[in-house]
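There are 2 protein chains.
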Amino acid sequence: MNLTIDREILLENLNVISRGLPSKSPMPILTGIKMEATDTDLYMTSSNSDISVEVLIEDASLQIQTPGKTVVPGRFFIDIIRKINSKRVNLYLLEEKVLVIKADRGEYKLHIMDYMDYPNIDFVTLENPLVLPSSVLKGLIKETVFATATSEKKPVLTGVNFHHSSGKLIVTATDSFRLSQKVISIPEYNDFNITIPSKSLDELLKAIDSYEEDLSLYFSMNRILVKYKNVLFQSRLLDGNFPDTSRIIPNEFPIIIQFNKDELVEAVERVSLLSPRDKEKDKEITYSIIKLSIKKDRIIEISTTNASIGDAKEELIPTDIETSNPIVIGFSSRYLLEALRSFMSTEISLNFSGEIRPFVIRGENDANLTQLILPVRMD
Amino acid sequence: MNLTIDREILLENLNVISRGLPSKSPMPILTGIKMEATDTDLYMTSSNSDISVEVLIEDASLQIQTPGKTVVPGRFFIDIIRKINSKRVNLYLLEEKVLVIKADRGEYKLHIMDYMDYPNIDFVTLENPLVLPSSVLKGLIKETVFATATSEKKPVLTGVNFHHSSGKLIVTATDSFRLSQKVISIPEYNDFNITIPSKSLDELLKAIDSYEEDLSLYFSMNRILVKYKNVLFQSRLLDGNFPDTSRIIPNEFPIIIQFNKDELVEAVERVSLLSPRDKEKDKEITYSIIKLSIKKDRIIEISTTNASIGDAKEELIPTDIETSNPIVIGFSSRYLLEALRSFMSTEISLNFSGEIRPFVIRGENDANLTQLILPVRMD
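Protein sequences, first through last, are from chains A and B.
Numbering-wise (the numbering used here), the first sequence opens with residue 1 and increments by one.
Numbering-wise (the numbering used here), the second sequence opens with residue 1 and increments by one.
The hints are simulated quantities; they were obtained by calculation from the structure and are not laboratory data.
Treat the hints loosely; a few may be bogus.
[Stated by the list, open to error] Below, a list of computed lysine-lysine pairs in the DSSO-like style, where the Cα atoms sit at most 30 Å apart:
| id | chain 1 | residue 1 | chain 2 | residue 2 |
| --- | --- | --- | --- | --- |
| 1 | B | K291 | A | K87 |
| 2 | B | K83 | A | K102 |
| 3 | B | K261 | A | K83 |
| 4 | B | K261 | A | K109 |
| 5 | B | K206 | B | K138 |
| 6 | A | K97 | B | K296 |
| 7 | B | K83 | A | K296 |
| 8 | A | K83 | B | K109 |
| 9 | B | K102 | A | K295 |
| 10 | A | K296 | B | K291 |
| 11 | B | K296 | A | K83 |
| 12 | A | K295 | B | K295 |
| 13 | A | K291 | B | K109 |
| 14 | A | K296 | B | K102 |
| 15 | A | K295 | B | K83 |
| 16 | B | K291 | A | K102 |
| 17 | B | K295 | A | K87 |
| 18 | A | K296 | B | K97 |
Could you put the whole structure together from the sequences, leaning on the hints where they help?
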């Protein structure tokens, strides 16, 4: 193998490859990047237990003197290409033992790994794609992925469920204490019901961050493949039945309060500075419990009491309020803040159906996005 | 106590106070901020084992309705004032039990601590100051503090030594493997020889970051006090004799190589990506050992060999070179990078007096700044 390429093109592709590269692995060969140079193109592949990524470089700046195959130590290779500031880099194999990286007056030699050890990565067949604009897929992920479970108690809840049926795609994440759901219309595609690991979606978001055009999605029994530009990004799916959440979301809301989102976020952030920290077992995640109540003159109070430190309250004037009852409801401020940040709308509404029933957050300009939070009992 | 003040003024002063505030302390009262409102002014004080800070607020925006004294939970108070976005805040004591913070429609109550428990902080008498421009003191600290020891084996080496004698101030830091020294002229001040803990200097740098005018320094047997604007910043001094470093710095340099600093920094950063990591015992600090050698045509090679990964070399064309001998010298790339970053000069020189003798780095425009590094034996 001997090739020359613009450093910027190589780095751009390595940044995508890095999304599938484990820093450690029970299979050490997977900490390497597989490279295969044909007469005209360069393939690079990375894979961890969840994600596999392949890029095909056909760039005009790529000049292949000698085709060849190798596996190079992934992190070191990426770090070197990132730090180099020459325009061109030359990569070649020396005695099938080392990869030489030449750039201006610098020369780097990396012991290569055994190409034969690299497992065959089976990508989903490229047939019958579901084509989505990149912005739509990014939106679906950002609006839901934060609500997935971090605990492995019910593994299927660590992923986001994509359920397509009768022309509707329902995307749902829940950790049993809150739920995020977005519904969009996708007519004319066959039904599917899959759950994608949240880590895969986080990495996919980073990979497609600056990509604005259409993506093609391909499905198999246990994998999903996202194809865009010169990239194949594949994730395994989670086993298990995702719980049916259709009956959890209440339909009747006797109390609806509308807020300016930023005002509500700021008040909640301030009040939660003093809220008691309840740690999830064995986790460093804290749940700051705050209280929302309707006061006279339709003023809303957000408050918290912390026996050891003191207490806090903020009054808010809602932009609108429909109510037949007073209400005092306690919940995690972190859950509310994460839910609020998923809306593009400036105006959002909190929809209550009772002090111990889940409440729902909706946004004026976020059609079909539902954020639901279970309250905690206030004693 | 009952007072009103512009939030921005209060926050600016709290940011300085935070430099002396411990997050934890064997004396819990010290996690509080002492506040004392007289008829016209507000004093605030913080203290940890090394540093004590006092600010005196006489701002026009300060209106004191009722004088008083209290100690408030420091971190919570600062966090609240930071998050508030009202123009004014009102602070008052309720039944000598809680401090109430009112800002727009927000109300925060913090259980106060017992004022009588707060230890008396003894500040150095404000007599006979040494006056220095802020830029000079910042420079002295930044040029040396990184070379202090992190290990407590010889406690005095965890500080920076300021030795004034016969009109010269010699500022030195060393961890026994490298040394940073700056000499400036300070005529007409009495001699002193003190060692200031590096942590105190780090915090002082943050406190005076945006302050550009003169500072007054006051000394006592075991403390130094820096006074600027409305702030008193005091640090304890380290006990013990700082080692005499005058004979460590070589005088004769048969080999002097001049580099463009940025080119050298970039080459060293790249090569050290592959250098073997030698961990200091029980520490997470790594020493990447690299090698510098003079090649034919007066080209300088920076290189490293890593048995498990591969090797790296960069060739550099020095801007000038004086040599009577070839040299191959090994040293920590981290030490070299930290030393190089302390220079303002674009042109720096590496001055060698032998392969196993310490070498010295000087900068064209950094008069009287010496960075010295001990080489490691290359086997």
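These are the hints, each one checked on the structure:
Using a Cα cut-off of 30 Å, the hinted pair B:K291 and A:K87 holds, with the two alpha carbons roughly 26 Å apart. Between B:K83 and A:K102 the CA atoms are separated by roughly 51 Å; this puts the pair beyond 30 Å, and the hint is violated. Taking the CA atoms of B:K261 and A:K83, the gap is about 17 Å. The hint holds against a cut of 30 Å. As the CA atoms of B:K261 and A:K109 are separated by approximately 25 Å, the hinted pair is consistent with the 30 Å bound.
At roughly 10 Å between alpha-carbon atoms, B:K206 and B:K138 fall within 30 Å of each other, so this suggested pair holds. For a cut-off of 30 Å, the pair hint linking A:K97 to B:K296 stands: about 28 Å separates their Cα positions. Restraint check for B:K83 and A:K296: satisfied, since their Cα atoms lie roughly 27 Å apart, inside the 30 Å limit. Between A:K83 and B:K109 the CA atoms are separated by roughly 51 Å; this puts the pair beyond 30 Å, and the hint is violated.
Distance hint between B:K102 and A:K295 is fulfilled; the C-alpha atoms sit about 19 Å from each other, no more than 30 Å. Between A:K296 and B:K291 the CA atoms are separated by roughly 75 Å; this puts the pair beyond 30 Å, and the hint is violated. Restraint check: the Cα-Cα separation between B:K296 and A:K83 comes to about 27 Å, which is no more than 30 Å; the hinted pair holds. Taken as a hint, the A:K295 and B:K295 pair is broken in the structure, with Cα atoms around 81 Å apart against an allowance of 30 Å.
Distance hint between A:K291 and B:K109 is fulfilled; the C-alpha atoms sit about 16 Å from each other, no more than 30 Å. At roughly 20 Å between alpha-carbon atoms, A:K296 and B:K102 fall within 30 Å of each other, so this suggested pair holds. Note on A:K295 and B:K83: the hinted pairing holds, with a Cα-Cα distance of about 24 Å set against a maximum of 30 Å. Among the hinted pairs, B:K291 with A:K102 is consistent with the structure: their alpha-carbon atoms are about 19 Å apart, no more than 30 Å.
Note on B:K295 and A:K87: the hinted pairing holds, with a Cα-Cα distance of about 25 Å set against a maximum of 30 Å. Between the alpha carbons of A:K296 and B:K97 the distance comes to roughly 28 Å, so the proposed pair stays at or under 30 Å and holds.
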